[in-house]
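S.K.: Based on the provided sequences and hints, a complete structural model is requested.
First to last, the sequence lines map onto chains P, B and A.
Take the first sequence: its letter number 29 is residue 29 in our numbering, and every next letter is one higher.
Take the second sequence: its letter number 24 is residue 24 in our numbering, and every next letter is one higher.
Take the third sequence: its letter number 47 is residue 47 in our numbering, and every next letter is one higher.
If you are wondering where the hints come from, they were derived from the structure by calculation, not from laboratory data.
Mixed in with the good hints, there may be bad ones.
Result set (DSBU-like, lysine-lysine): computed pairs, CA atoms no more than 35 Å apart in a straight line [claimed, not checked]:
id, chain 1, residue 1, chain 2, residue 2
1, P, K55, A, K7
2, A, K15, B, K49
3, P, K46, B, K25
4, A, K15, B, K2
To give an idea of the interface, some chain A residues facing chain B are shown, with a C-beta separation under 10 Å as derived from the structure [claimed, not checked]:
id, residue
5, F9
6, I21
7, L31
8, V119
9, V120
We treat Cβ as the ideally placed atom computed from N, Cα and C, and that holds for glycine.
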Amino acid sequence: MLHIINKSPLSNSSLESCLRVAVSGDILLTEDAVYAATSGNAFEGKLREAMGRFKVYVLQPDLDARGLGDRLIEGVTGVDHGGFVDLTISNNNCQSWL
Amino acid sequence: MKFGIVVNEGPYQHQASDSAYLFAKAAIAKGHEVWRVFFYHDGVNNASKLTEPPQDDRHIVNRWTKLAEEHKVDLVVCVAAAMRRGIREENLAAGFRISGLGQLVEAGTKCDRLITFGD
Amino acid sequence: MSEGAVKKFMFVNRKAPYGTIYALEALEVVLITAAFDQDVSLVFMDDGVYQLKKGQQTKGVEIKNFSPTYRALEGYDIEKLYVEKESLDARGLTEDDLLVDVTVLGRAEMGALMNEQDVVLSF
Numbered sequence: 001m002l003h004i005i006n007k008s009p010l011s012n013s014s015l016e017s018c019l020r021v022a023v024s025g026d027i028l029l030t031e032d033a034v035y036a037a038t039s040g041n042a043f044e045g046k047l048r049e050a051m052g053r054f055k056v057y058v059l060q061p062d063l064d065a066r067g068l069g070d071r072l073i074e075g076v077t078g079v080d081h082g083g084f085v086d087l088t089i090s091n092n093n094c095q096s097w098l
Numbered sequence: 001m002k003f004g005i006v007v008n009e010g011p012y013q014h015q016a017s018d019s020a021y022l023f024a025k026a027a028i029a030k031g032h033e034v035w036r037v038f039f040y041h042d043g044v045n046n047a048s049k050l051t052e053p054p055q056d057d058r059h060i061v062n063r064w065t066k067l068a069e070e071h072k073v074d075l076v077v078c079v080a081a082a083m084r085r086g087i088r089e090e091n092l093a094a095g096f097r098i099s100g101l102g103q104l105v106e107a108g109t110k111c112d113r114l115i116t117f118g119d
Numbered sequence: 001m002s003e004g005a006v007k008k009f010m011f012v013n014r015k016a017p018y019g020t021i022y023a024l025e026a027l028e029v030v031l032i033t034a035a036f037d038q039d040v041s042l043v044f045m046d047d048g049v050y051q052l053k054k055g056q057q058t059k060g061v062e063i064k065n066f067s068p069t070y071r072a073l074e075g076y077d078i079e080k081l082y083v084e085k086e087s088l089d090a091r092g093l094t095e096d097d098l099l100v101d102v103t104v105l106g107r108a109e110m111g112a113l114m115n116e117q118d119v120v121l122s123f
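M.R.: Structure follows, in structure tokens:
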């Protein structure tokens, strides 16, 4: 399953809930969730822990828009919107954690 | 692949409809079909032809209309959600149609993937 | 009304009622989906568990109390209601606080159930 998150983990529990419940699949951080994938943010430790269980992607245009394109945590893969489309196909199903 | 897209937030207020549009465009560019976009909750406001953003901003409503015209994307606005929020046939932008929630279920049953964009 | 294959639809409710309209409009989709003879599951987790709290009194806020609808779901053959245990615990709630019979699942069971679905709509 592709888990799509669009909220900053510093102000909303969507990502935390996803990591608590999800058992497998890929995680794509979009919109305000991209902050989770930046070095030095308070959620970094939890994200790194999650990277052991999930492959984590970030929507690069959303990261760039927020001025953090150069702060991506190593091991998180940046994708464009085409890459987003590909992830919805390579996973059997998807869930937007709104 | 056949894609269905759900948009749950209004334009300009939330990035959801921008993200949905860029996803749809990318899917089409890769040769996939975007069969239907279903607008629910405040997403119905994407269909208002009274929308007039500042000149230097993107025109979210017209962008959807163009997508429908050029790629035969079915833009469906939920009737119950639309009635609640004052979206009617008389202020509906070109390319959109108003119909029931069954159209959302149908998108779920007929499409290979249904992707939701919301808050 | 059904046409073609039956798919597994899961509705994930993670938001509290009244503060926003999502819970109410989610319920409307659920009812329609069942009318299309699809395999429907409802999940309540995070603040979504508050949707099922007994004793909602909405007179003072002048918003329609839609919680009785959850009890009517059975009449539409919607019987798969799942609540995540960790979400209940975190809110000081137990099954006795809920206005309808549910299946309580631990987080990993919930995650596994999500993986089995064809369509997941989150509200």
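S.K.: Compare the structure with each hint and give your call.
M.R.: How the hints compare with the structure:
no.	hint	verdict
1	K55(P) to K7(A)	27 Å, holds
2	K15(A) to K49(B)	31 Å, holds
3	K46(P) to K25(B)	33 Å, holds
4	K15(A) to K2(B)	30 Å, holds
5	F9	6 Å, holds
6	I21	7 Å, holds
7	L31	8 Å, holds
8	V119	4 Å, holds
9	V120	8 Å, holds
Checked against the numbered hints above, the structure breaks none of them.
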